[in-house]
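Kindly produce the complete structure, drawing on both the sequences and the hints.
As given, the protein sequences belong to chains A and B, one line each in that order.
Note that my numbering numbers the first sequence so that position 521 is 744, with each residue one more than the last.
Note that my numbering numbers the second sequence so that position 38 is 214, with each residue one more than the last.
Everything labelled a hint here was simulated from the structure, so no lab data went into it.
Some clues are possibly wrong.
Cross-link-like lysine-lysine pairs, in silico, PhoX-like; alpha carbons within 20 Å at most [claimed, not checked]:
| # | chain 1 | residue 1 | chain 2 | residue 2 |
| --- | --- | --- | --- | --- |
| 1 | A | Lys626 | A | Lys529 |
| 2 | A | Lys376 | A | Lys322 |
| 3 | A | Lys868 | B | Lys326 |
| 4 | A | Lys817 | A | Lys400 |
| 5 | A | Lys336 | B | Lys197 |
| 6 | A | Lys537 | A | Lys400 |
Values in this document were obtained by computation on a predicted structure and should not be read as measured data.
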Amino acid sequence: MTVDDPAHNISQSIPRLEGRQKVTGRAEYVHHLRLPGMLYGKIFRSTVPHGRILSVDVSEAAAVPGVFRVVTIDDIREVLPDPYYGPAFHDQPVLADGKVRFAGEPVAVVLAKDPRVAAQAVALITAEYDELPSVDNEVEAMTSDIHVHDELKPAASFPDLNHLKGQSGTNVALGYKLRHGDVEAGFAAADHIFEHTLTTQPVMHTPMEPFVSVADVRDDHMTLHTASQGPSFVRIEIARLLGWPENRVRVKVPFLGGGFGGKLYIKLEALVTALSLLVRQPVKIALSMEEQFFMVTRHPCTFNIKSGVTKDGKIIARACEVIWNGGAYADIGPRVTQKAGFTAAGPYDIDNVSIDSYAVYTNRPPAGALRGFGAPQIAWAYECHTDMIAREMGIDQVDFRRKNLLRNGRPQASGTLIRDAALDAVLDRAAERLGWSLPFDPGGGRIKRGRGLAVAIKGITAPTTSVAIVNLYGDGSCGLYIGTVDMGQGSDTVMAQIAAEVLNLDASKIRVMHTDTDVTPYDMGTLGSRSTFHMGTAVRLAAEEARDKIEALRVELDEPAGSNIPLSELLRRKYGMQAGNIIGTGSFIPEYEKPDPDTGQSRAATPFWGVGAAGAEVEVDTETGQFEVTRLISVVDVGTAINPKLVEAQISGAAIMQLGFTTTEEMLFQDGQLLNGSLADYKIPNMLDVPRDFRNEFVESRQQDGPFGAKGAGEISTMALSPAVGNAVADAIGTYLLDMPITPEAVYRALHPADGDA
Amino acid sequence: MSGPRDITFTLNGRPAAATVKPGETLVDVLTNQFDLTGARESCAQGLCGCCTVLVDGDAVSGCLYMAWFADGAEINTIEGLADGNTLHPIQEAFLEAGAFQCGFCTPGFILMTKKLLEAHPDPDDDVIRHFLVGNLCRCAAYPEIVAAVKLAARRLRDAG
Ligand code: FES
Ligand code: FES
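Have a look at this one:
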């Protein structure tokens, strides 16, 4: 059997391996973990968005019966002399250190055996601040003389940030640049120039299992049980903080109750580790739903986009300036800035492009990765902008996009060639499902109808590594050891399918080990739609090595090639009893060329292209601004669908989530204070929000170097959805909304501008 | 205020007793004293349904339901739904329809579906969507959940 031979596991909707545990309520989450002697930590948070800490009075809290200890940064320093962490900048203190930078920042922790006692004691802590003026908006932060950090502290792990070390007097954590052709010459040659500024709002992941970590530090080793999407990174960063070798830090991750990019890098892990180190007992911190809003959010951005177009509808120049509101700590914002920046001109073949993308600090909760690494925010801007151009020029929106779309073999603005990207196919399918070529009823009177579509592209975080181990036991059964975290996307099942296909086994019989860094090998993280492609390839390679070893064993035992004696029998013959293992390992890092720092040019900037399109229909009540998304179509290029049902569920789930980010979800701030940090006031989609006509599809395609032709899909349907809805609303009401979210109020204001704010 | 209080109740068909503190919720007691993990706290505000428990046959939000109210009550949780190793038809239907991703909301949805099908043995989409609107699934497995409910309804009706 060759690797690419379709056997019995690929393109099969095999049920989730862990399904039974989930319907019986017995699946394991850190949420439920209790260890002997464990203390619970509850967090006291800053009430001001920016200020110097004058004093923190913990005396009353410490006196509460049942309180074990109250901890501030001074205590943390006893065990961690340099208590700062972060994936891109070492800018985030384990607890506020002299200064608070957002309202909601952790300042102190109460430890108690009973979490209720700890929570009551937190209410007795008081703090005094010397309040500083704060900066909230990303555009202001670019030039403000209010500085969130006194100096920039880039982490060594991002060599491209080294030059920022020690810079002061700025909120700009990173500027990313791309130059392709000559954008000014392009504008000069264009017949029409269009320019718009669009914005997106702050939103939050709100996983149903809120952030939770448990640390158990012993004398010479420690174990972290954490709801994390990136256990390998957690181990490296915690080992760095402790000054310990990696082999003394064990990170264990069971199932996650949702992640969506939030549970990446360091969240509660540094804090619980420091606390456990300090009190020499296991410590658990489990956030409430409300507290999650202070942990990590999605970057809002302001995007100024300008295009030069010829009279026959060819885009020949596009300039993009994107400013990302990263909040008080950089988290992975610099990567969002680069990775989303790099496709900010959209999926179009444009000869002259300039992109400037900036990560800026503000006095807001930190922003990080959320299902798309910035791609949905930029697609909102470039696809509404593209639609506006077509409409103003009187060109059909689908024709206009087709005319300008990037095609396989053409260089994207970075110089990296487009390949295995089914852009035409996803656009055509969305248009077809929408009945684009058929007459459309625009409604009449009070109720107006509209339809819109959009197409989008993203690059994938690179370069990143995945390592896998396939272990076949004495009875021939198989264990798969991987660091990919199954947070609901179905990776356990898909990885088992890949291994099973190579080894000619039944995927449902493979056991996938939950990540335990003492046992499972390195993986960069479960993020950015990378697992199926990267870990899938590592698993394929590991399984192939195991298969080769089985063949070698057959030869050693004088079995004819291709004999079908089972492995258990081979091992029994070799070892004289049920014993031994066959172990295959696989390691994968895709080809990558670092982009030129001045031009962003690279021949291999991304391992594959994420490609998706969406179509929407809306009905708008023009008197009230109420609207309904009556039809929503998401089409994604997934390469080969290894598990069609699971990938469809990813497309669907991401689409509904993005519909929330498009229409109802917005973290509202006033004077730096979050106003709606709870599910009561921050509305995520429920069952009634799913459009009546809701379709999720993938197109026939193949990622040549992906495992069995597959590529990643977890985020892709988030990209084109918002502009598709926005363009549909514009079609109905005749006005484009430039700012997300699209709410009835915004629609009403667009329809009745004269009513003003009165 | 009063101190801890002893209560007795029926838990998944078996007699049970607990000492509960004032302010302790049903989900606290089930988790900490009975090691049941199916009802789980997420929003803690009665808004998501992850903590759903059946009390005397009614679905309640275990995160808000004071444990001492359970005195004398019949409590049923997801752990009591299967018959030994044989899953309940609703659980089977959720499995077959792929009606979850991370699974955190799943026990709540399954118990709510049980209530739904008791009231509406043959529900259409509208009935399902309205009945389950109080359960939130951030993974948004909503279309698959609707399919699972219909599948379960058919199975239960066929079984008579
Ligand atoms: S946790 Fe009880 S309803 Fe959300
Ligand atoms: S399956 Fe994840 S919250 Fe519902």
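key: Violations among the numbered hints, reported as their numbers in ascending order   = When the structure is compared with the hints, only number 6 turns out to be violated.
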